[in-house]
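Now for the letters of each chain:
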Amino acid sequence: MLAYTLKRIGLGLLILTFVMVAMYAAVFLVPGDPATVALGPRATPELKRMLTERMGLDQPVWWQIVEFFRNALTGNLGYDVWSNRPVSTLVMEALPNTLILGLTALAAALLIGVPLGCLSVVKRGTIADAVIGVLSVSVIAVPSFVVAIYSLLVFAVALRWLPAIGAGEAGDFASQARALILPAFAIAFGWIGYIARMVRASMMEVMGEPHIRTARSFGLPEWKIVSKYALRIAIIPTISLVAVGLGSILSSAVFVEAVFARPGIGKLITDAVNTRNYPVVMGTVLIMTAIYVSITIAADLLIAKLDPRVRDVFRG
Amino acid sequence: MSSAAEASGTYPDRQRFPLLGALLADPFTCIALVLVVGFLVTALLAPWLAPYSPTKIDVLHKLQAPSAAHWFGTDHLGRDLLSRIVYGARTALMIAIVSVAIAGMIGLLLGIVAGYGPRWLDGLLVLVFDSLNSLPMIMFALAIITVLGAGTGTLIVVIAATSFPSYARLIRAQTLALKNSDYILAERLMDASAARIVFIHLLPNVVGPLIILLSMDIPVVIMVEAGLSFLGLGVRPPTPSWGAILYDGYTSIRAAPYMVVFGGLPLVLATLGFTFLGEGLRDYLDPRLQAGEPS
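Order-wise, the sequence lines are chains H and E.
First residue of the first sequence? That's 1 in our numbering, and the numbers climb one at a time after it.
First residue of the second sequence? That's 1 in our numbering, and the numbers climb one at a time after it.
Calculated from the structure, these hints are not laboratory results.
Treat each hint with caution, since some may be false.
What the hints assert, rightly or not - Over 10 Å on every C-beta distance to chain H, these chain E residues come out as not near it, computed from the model:
id, residue
1, T55
2, A65
3, A68
4, I102
5, S134
6, L142
7, I145
8, T146
9, D191
10, L210
11, P238
12, T275
Said to hold, decoys possible - Here are some, though not all, of the chain E residues that point toward chain H, as calculated from beta-carbon distances under 8 Å:
id, residue
13, I31
14, L135
15, L246
16, P257
17, Y258
18, G264
19, L272
20, F276
21, E279
22, L281
Just so we're clear, the structure is a prediction, and the values are computed from it rather than from any experiment.
We treat Cβ as the ideally placed atom computed from N, Cα and C, and that holds for glycine.
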């Protein structure tokens, strides 16, 4: 297990290095220097020189890469080209909003998806099962930003039940919670169907196991067998898939935050891309990739812990 | 032989088109087929179907609610929304096909090189595939867009760069499996060149599964195009795109709510159509497979 863990973490670090080198290389392979591109055609030479110095573009490329990594290791990700604020501060301000959004969405999807999957198994073969099946596939298919816009239209614009934009007043829990409902719903929407489907599929496998037959022969009611004996085993693959999925939930957050003008990582990076703010894009991509890769490694280790066959593959 | 003849005698129509018969037997797959064909026809026949030019600006008639003259209403520049949506289908299909084809070619090439080439190159390429695959797709896409600037070309690069690793992995696995099969060994014993083995024998055998995977990715690409265009990082205005229409509608959501309603609908219908058609095909080809993650 230790060898596998080290191997997985080593691969993760290698991936991060590879990504950052590739990104840096890309910036310098493209014609036109980033300072000119960021400032636009009407920039004065003085302004351009100032920005070039501030972005460290007057140094050789390899030195810039080394500098970037050395600074990143000490928590310094460079400075916002326009406001001159540290990128790490910007990211740390935005990250909590995105994490709260992602985790709330995931929790909501589990709270609704798992019972739906169970219900589907209890009522298997009936109309209810078929309806849940079709609905699950349908909601998976709809892009989260479309759900976001439609829910904004219905609940914020037409019915005026919930706020349309922002993350709520600072320090006011009720207002923050109200601002969280629609974005979290938009992200959770597709995942409810996905989780219901996965729970149903893995539970159908478990329902053939001997201990389920034993429980049934004791005359236990079906819902009790499902929720108490089958779910405990069937939930394992779901948990590991959901852990991996947290990464793509953070991706949906980029779009959903744009719709609800929620000050999170997604909004930070889309604004930075639009203004060609290289240091902010680089720093945010590095942090998000690190988070994503760590989640994937954690999920892989969890799977390996639960299923010894996986880690044996890496032993040979 | 005789059983096949018997079967064709009993079910002549099903036997001739077994796949189509199986697909039409399920009502949802049937509806999905109609939606997908509708999307393709709209995209191909856009100039004949659209009542107006999608880019003709008419500020005197801006933000008009749906009427007999403009079935879906007009946008903030007075452009006919229905025409923009019809042409948006064309944009979506064009970008999907071009980027998926490019990604498929890169994947095919690198996959065969990894599978058939030297061990060290295989190791290196697999590391590249795995690194790209383990990146959050949207972060990678945004990084590329920052460097290249938004536009249709960049969009195609983004989609190709983010999707080729999974195709390359598939091709590599296929190549590795075929590499030691008897007929390839026989060719090698007869002193066939590597080029002959790759082009005459490997290529035709690995392309089939790739094409299935590519066509299943078309709805994903349509969603990515719409999503990035919605963020203003995809197709440039005034090119009609479903994502851009949604963004225009979003900015005038209070004045003209019908814009987001009609703007989002084709996207929802197209993705639903492709998804249910994919489900139907999967059930027919391999019932064990499951749908992918939500997007």
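Structure-based check of all given hints:
| no. | hint | in the structure |
| --- | --- | --- |
| 1 | T55 | holds (23 Å) |
| 2 | A65 | holds (15 Å) |
| 3 | A68 | holds (25 Å) |
| 4 | I102 | holds (18 Å) |
| 5 | S134 | violated (6 Å) |
| 6 | L142 | violated (5 Å) |
| 7 | I145 | violated (6 Å) |
| 8 | T146 | violated (5 Å) |
| 9 | D191 | holds (34 Å) |
| 10 | L210 | holds (23 Å) |
| 11 | P238 | holds (18 Å) |
| 12 | T275 | violated (4 Å) |
| 13 | I31 | violated (11 Å) |
| 14 | L135 | holds (6 Å) |
| 15 | L246 | holds (6 Å) |
| 16 | P257 | holds (6 Å) |
| 17 | Y258 | violated (10 Å) |
| 18 | G264 | holds (5 Å) |
| 19 | L272 | holds (5 Å) |
| 20 | F276 | holds (7 Å) |
| 21 | E279 | holds (6 Å) |
| 22 | L281 | violated (13 Å) |
Hint compliance for this structure: hints 5, 6, 7, 8, 12, 13, 17, 22 are broken, all remaining hints hold.
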